[in-house]
Amino acid sequence: MRKKFVITLWVILFLCISAVSLAFYAIWHGWIGYMPNLYQLENPVNKYASQAVSADGKLLGTWSYSRANRIFVGFDDLSPWLVKALVATEDERFYDHSGIDYRALARAVVKRGLLGQSNAGGGSTITQQLAKQLYSDVAQSTMERALQKPIEWVIAVKLERYYTKEEIITMYLNYFDFLHNAVGIKTASRTYFNKEPQNLSVCEAATLIGMCKNPSYFNPVRKPERCRERRNVVLDQMVKAGYLSKADAELHKLEPIGLRFHRVDHKEGLATYLRERLRTMLMAKEPNRSDYASWQDQKYYEDSLAWETDPLYGWCNKNRKKDGTPYNLYTDGLKIYTTIDSRMQQYAEESVEEHVAGYLQPIFDKEKRHQTTRPFSNQLSTKGVEKIMRRSMEQSERYIKMKKGGATEEDIQKAFNTPQEMTVFSYHGEVDTIMTPMDSIRYYKSFLRAGFMCMDTRTGYVKAYVGGPDYRYFQYDMAGVGRRQVGSTIKPFLYTLAMENGMSPCDLAPNVQQTYIVAGKPWTPRNGSRSRYGEMVTLKWGLAQSNNWISAYLMSRLSPSALVRLIHEFGVLNRDIHPSMSLCLGPCEISVAEMVSSYTAFANRGIRTAPLFVSRIEDNEGNVVGEFQPRMTEVISEESAYKMIIMLQGVMNGGTGGRMRFRYNVNADMGGKTGTTNRNSDGWFVCFTPSLSAGCWVGGEDRDIHFNSMTYGQGASSALPVCAYFFQKVYKDKALGYSPDEKFKIPEGFDPCQDTILTEEAPVEEYGGIDEVFE
Numbered sequence: 001m002r003k004k005f006v007i008t009l010w011v012i013l014f015l016c017i018s019a020v021s022l023a024f025y026a027i028w029h030g031w032i033g034y035m036p037n038l039y040q041l042e043n044p045v046n047k048y049a050s051q052a053v054s055a056d057g058k059l060l061g062t063w064s065y066s067r068a069n070r071i072f073v074g075f076d077d078l079s080p081w082l083v084k085a086l087v088a089t090e091d092e093r094f095y096d097h098s099g100i101d102y103r104a105l106a107r108a109v110v111k112r113g114l115l116g117q118s119n120a121g122g123g124s125t126i127t128q129q130l131a132k133q134l135y136s137d138v139a140q141s142t143m144e145r146a147l148q149k150p151i152e153w154v155i156a157v158k159l160e161r162y163y164t165k166e167e168i169i170t171m172y173l174n175y176f177d178f179l180h181n182a183v184g185i186k187t188a189s190r191t192y193f194n195k196e197p198q199n200l201s202v203c204e205a206a207t208l209i210g211m212c213k214n215p216s217y218f219n220p221v222r223k224p225e226r227c228r229e230r231r232n233v234v235l236d237q238m239v240k241a242g243y244l245s246k247a248d249a250e251l252h253k254l255e256p257i258g259l260r261f262h263r264v265d266h267k268e269g270l271a272t273y274l275r276e277r278l279r280t281m282l283m284a285k286e287p288n289r290s291d292y293a294s295w296q297d298q299k300y301y302e303d304s305l306a307w308e309t310d311p312l313y314g315w316c317n318k319n320r321k322k323d324g325t326p327y328n329l330y331t332d333g334l335k336i337y338t339t340i341d342s343r344m345q346q347y348a349e350e351s352v353e354e355h356v357a358g359y360l361q362p363i364f365d366k367e368k369r370h371q372t373t374r375p376f377s378n379q380l381s382t383k384g385v386e387k388i389m390r391r392s393m394e395q396s397e398r399y400i401k402m403k404k405g406g407a408t409e410e411d412i413q414k415a416f417n418t419p420q421e422m423t424v425f426s427y428h429g430e431v432d433t434i435m436t437p438m439d440s441i442r443y444y445k446s447f448l449r450a451g452f453m454c455m456d457t458r459t460g461y462v463k464a465y466v467g468g469p470d471y472r473y474f475q476y477d478m479a480g481v482g483r484r485q486v487g488s489t490i491k492p493f494l495y496t497l498a499m500e501n502g503m504s505p506c507d508l509a510p511n512v513q514q515t516y517i518v519a520g521k522p523w524t525p526r527n528g529s530r531s532r533y534g535e536m537v538t539l540k541w542g543l544a545q546s547n548n549w550i551s552a553y554l555m556s557r558l559s560p561s562a563l564v565r566l567i568h569e570f571g572v573l574n575r576d577i578h579p580s581m582s583l584c585l586g587p588c589e590i591s592v593a594e595m596v597s598s599y600t601a602f603a604n605r606g607i608r609t610a611p612l613f614v615s616r617i618e619d620n621e622g623n624v625v626g627e628f629q630p631r632m633t634e635v636i637s638e639e640s641a642y643k644m645i646i647m648l649q650g651v652m653n654g655g656t657g658g659r660m661r662f663r664y665n666v667n668a669d670m671g672g673k674t675g676t677t678n679r680n681s682d683g684w685f686v687c688f689t690p691s692l693s694a695g696c697w698v699g700g701e702d703r704d705i706h707f708n709s710m711t712y713g714q715g716a717s718s719a720l721p722v723c724a725y726f727f728q729k730v731y732k733d734k735a736l737g738y739s740p741d742e743k744f745k746i747p748e749g750f751d752p753c754q755d756t757i758l759t760e761e762a763p764v765e766e767y768g769g770i771d772e773v774f775e
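Just so you know, we're using the working numbering here: the sequence shown kicks off at 1 and counts up by one.
It is possible that part of the hints are untrue.
Claimed, not checked - Once the Cα atoms are required to be at most 27 Å apart in a straight line, the calculated DSS-like pairs of lysine-lysine come out as:
(1) K240 - K223
(2) K366 - K414
(3) K240 - K213
Just so you know, the hints here were simulated from the structure itself, not pulled from any lab data.
Could you build all of it, start to finish, from the sequences and the hints given here?
Right, here's the structure in full:
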């Protein structure tokens, strides 16, 4: 009987072992539960945020989904204290097992399972925890929960076969979610301590590793004392493991957490507007007309052209990964090496803030303070203000959501006129206040906007890009997306057309006000000055003084249609430019990026260079998967380019751009042009040196938001100073390699003057259409 009982026990034991072995065999081959395939095991952490990197190697920012802001960091870039703290706290025999620590597992079963001791510690190894994080979803049933542990054990063993211990630790730290959108140790180090992982101190490393037990429970932001206690536990474990002396640990325990918390926000940091533009460009899909509204013909045209001609546009969807799927900017861990120089970007953002926010905005606020139409023009009627505000309300996200939700017009009006608590932007920090949504719309319209870009004239590398005052609150990009009327900055195109038609800077024209017949109606352009009235003046003088009468006279002798064609050849994509007489005064709308790019043709011997935002792209393994070269187009002859350099230098040395010299002491070889549109709605300045081309626009969100007088509203007052401050900073930073002593390379002996004198009265032509006239 006893023998039979013993045999029965052995049979039961054998059957149990066989059943367990069979179960593990089935799990190993994926017959039971989920088992990752070979590719998934070899690429376990494949969801990394892509990074935008500056030309000088600085991280500008990342693109990610809110739960995957993970940036890969290698083992060699981890602080040794991180590794020691992790092993000491989570898996003291990590280097001795092959995925499963049987001693720890047995202890956990006996002490926690049988004796109920909660402080007995867990049995999971670092590798098992990694397996759980990588491949285990939340169990939906009792059976799934029962199978999870065995599956994790098998995956852990497989991971140990494919990876070294260092690689497992690296994956663990790269994958772990430390909360506050800080996924992975690199983002966590920056978020909590504003450091790189390799620079973490003992206490900082212990704090982050302590969070691994439960990042929500041991959150240093919300529960600092609890987190500090957990950190001290980690220090004790490091002593126990022999990584730290007891005396040192006691000293470290006295230290505060030393948190330097800064939540990761993709709307902050350098070059935010450019990063957003790159996101839309890289992830763009092939344009389909049905995806665009009926009024978006221009947008569809631009996108279609970019898809065909710009390798960067839609790059993620034009290219494929090894598995044949398109790249994903949010999860594939790409490194986007931009052409931006972080130092120049910083100087550009500082220059915009210094002049627009620090100087112009207070003056603008003071000017509008007592106007009933503020921040709009005092020439606008109350009805006109109401019309603009109504349009802005209907374009707001709040209105669109309420409308889609079925709210009546009465309900919407009531909601927009009911005061409520809100946090609003100010240049001195966010302000908590109470106002109606309608008042908040008017409040945000009171801020002046600006767009700025600087690029290398030869390579097209965009060095700095500012699309507005603060991307968190003003997300419309006024550097590369928005277009505004350009005023007199269009005149270099007109004068270039004249040079291409055989004229010279020394040719003479009558400086008198004339009336032209346009579409059967008289048109008499105005001018801001009567200097040298009635004299014959050179074209060089006319451009330097931005004289409208000379521009109109030139336009009367040239073809408006030819001017439109030339403007497009200079890289302006706006098709809504009409060939009218008044085009010579700049009523057409062009972006800052287009203007800056077009002016490169003057410094580049007639060859326009398109803006280049990215030099190369690397995948998450460091392989170069995309390279981008300058795109150049010959626009005008070398001779015309040299003539234009001479004339545009005249603008800077004795014309409307002169304050760059006498007020801001920027004496570099430079050509440029100011621009101001009717009622000071838009202030412009575009310039170029032998190496750099830059431009700035300043104005309000709406054309009816502007200064009352030209004292501050003209381009020389509103936009030029931004460029002046920028070049001051660039030239002061010798490490950048730009010198104010660099000269334009005009051939020795080049004579821009010819014998032609424009004295004959040109026959009057009639031109179809006329745009707004600019002063």
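Broken hints, numbered, in rising order? 2
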